[in-house]
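Undergrad: Here are the chains, one letter per residue:
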Amino acid sequence: MYKKFLFVLFTGILTVHLQAQTRRIDTVAVSILDKMSAVIGDLSSCSVTIRSNYDVSSRELGLVKHSDEQELFLRGSSKLLLRSEGDKGSRYLLFNGKNLSYYSMDRNQYSQVETPASLIEMIDTVNKLYGIEFPIADFFYPSFVDDILAESKNLMYLGLTQVDGKECFHIAGTAADKTFQFWVSNDAWYLPMKIVIVYTNKEMNPQYEAVLSNWQVNPNLPDAIFQFTPPVRSKQVRMVPLKNKK
Amino acid sequence: MKAFHQYKLTGMIVLLTMTAVFLPGSIMAQRFNHAGFGGGNRGGAPAPSRPAPMPVRQESRPAAPARQEARPAAPERQESRPAPETINGGSRNFGNHDFNRTVNVHETVNVHENVTVRGGVAGRPAVTIHDHENVYHTGGYRGIHPYYYHPYRPYYWGPRWHPLGFFLTSLAADAIYFSLNNQRYYYDAGCYYLPSNNGYSVVPAPVGAVVSSLPEGYETTMVGNDYYYYFGGAFYINNGQGYQVVPAPFGAVITQLPVGATEQQINGQTLMVYNNTYYAPISQDGQDSYEVVDPNQQ
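Taken in order, these protein sequences are the chains called W and L.
Residue numbering for the first sequence follows the working numbering, starting at 1 and increasing by one per position.
Residue numbering for the second sequence follows the working numbering, starting at 247 and increasing by one per position.
A portion of the hints provided could be inaccurate.
[Stated by the list, open to error] Okay, the calculated bits of chain W under chain L, using three or more residues with CB under 8 angstroms as the criterion: (1) 28-38; (2) 43-54; (3) 116-126; (4) 138-152.
[Stated by the list, open to error] What follows is a list of derived Cβ distance ranges for each label pair: (5) Val196(W) with Tyr395(L): 29 to 35 angstroms; (6) Asn485(L) with Thr49(W): 52 to 58 angstroms; (7) Asp87(W) with Ile483(L): 52 to 58 angstroms; (8) Val56(W) with Asp472(L): 40 to 46 angstroms; (9) Arg59(W) with Ile483(L): 52 to 58 angstroms; (10) Gln227(W) with Gly532(L): 44 to 50 angstroms; (11) Ser67(W) with Thr466(L): 47 to 53 angstroms; (12) Pro400(L) with Ser67(W): 52 to 58 angstroms; (13) Thr508(L) with Asn218(W): 40 to 46 angstroms.
Hints in this document: simulated from the structure, not taken from any laboratory.
Ideal Cβ placement from N, Cα and C applies to all residues, glycine included.
With the sequences and hints as input, model every part of the structure.
TA: Spelled out as structure tokens, the structure:
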């Protein structure tokens, strides 16, 4: 009787454990993200406007919403220009395949660091070393779908809806520390049109939202726009590695 | 000395001003773990097993040669133009994902009821694939799957199955007789018959009819949390006593349409129509399929 009881108990625990780890991965959602990632992977250059809103938590005021508008230009695997206007001021980030230049128009300050030659390695390295984040960089990782699958507890395709008047596939997912949603255009290009992330592991669950528009696919972007020349009377400052920040 | 301290203080201010801009706490950009890369160690997911990363393509632009006085002859035009360098070297693992790969789950996942678990392996998290939820149901039903046209191939469910309107002078000895709504029906091998001209004609499955079993070859499809069964153009539910004919549920996905379906153009899409039910051609798991849709929403 005792053995029977233990068996039932053990089986029950095992069942609950297995059920508790059930993931829901929708193959339609994966195929849409696959298509999107494949199109991005085949681009030789692109530009896009990103309107982002993000929450900053304040002890007194709760979540305070901030916003930025950015223009992103990419060419080949070693050219990037990011112009940003918003609550953090007017800023530039330029990458020419050798180094990354940062310029604050408000402060007339700039900084330069040597980086790996490839765009994705540069993004990854400066994010690790300096905490610099690039908007929508996730979409440009060649392993984007694999990385999403590695993190996702659930990934579902929810149906068709509109983003700025454009019909999009709506995909939602959850991970251990966040929930996320993507909107992918329902046309030949399958380009990302919107992303929302809710950080469920942070106090008050801050959100990040970015709407992507004015996609230009394979535009002709000259070398000159990726070159940085320090403006007159600008001051050079040093980027501080994360490990040195207190 | 005082001047030195003042300079140092100014330097610190400049330094801190710059770092404040880059603080990672100000949520901005890449938010997912990309463990396959050297940098970006944001914790979380372990590196999934996958082929070795593609070598990063680099812009190997040769150094410009010294300008020469005499202009060299133009090189011969090559037949094949090299492909332009891409931003990230191309997407990886397109359509070739390991769905059962161990996921980075640090906490208990909510249990979903009535979920079909396929491919669950002991010690590894089970993965449910194929479980859509259209959150945009407002009034009519718009297809949840992306439209994907494929040619219609009429399907027959074996020699004893017949399409709508098919006439037989006699039925099989084991055909079942039943009455529904004051109408006498006959049922055999997934087909429903009404007496006609000294014989029997195949008619659409009458909604509400119950049969004890379905012939081999039926499909199971899930809509919401309900299972439906499909055979010969008719949908059924299991009501505990048998299989009851029901109207085609929006969102049901089936792989075969009977002979007799017709194509109809609606808002630029080619839908299939069979027995007043509209089906959108779709692709599911690489297989040509159809989804029951509301034509008014397409």
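Undergrad: Each hint needs a verdict: does it hold in this structure or not?
TA: Against the structure, the hints come out as follows:
no., hint, verdict
1, 28-38, "holds (count 7)"
2, 43-54, "holds (count 6)"
3, 116-126, "holds (count 9)"
4, 138-152, "holds (count 14)"
5, Val196(W) with Tyr395(L): 29 to 35 angstroms, "holds, 32 angstroms"
6, Asn485(L) with Thr49(W): 52 to 58 angstroms, "holds, 55 angstroms"
7, Asp87(W) with Ile483(L): 52 to 58 angstroms, "holds, 55 angstroms"
8, Val56(W) with Asp472(L): 40 to 46 angstroms, "holds, 45 angstroms"
9, Arg59(W) with Ile483(L): 52 to 58 angstroms, "holds, 55 angstroms"
10, Gln227(W) with Gly532(L): 44 to 50 angstroms, "holds, 47 angstroms"
11, Ser67(W) with Thr466(L): 47 to 53 angstroms, "holds, 48 angstroms"
12, Pro400(L) with Ser67(W): 52 to 58 angstroms, "holds, 56 angstroms"
13, Thr508(L) with Asn218(W): 40 to 46 angstroms, "holds, 42 angstroms"
Taken one by one, the earlier hints all hold for this structure without exception.
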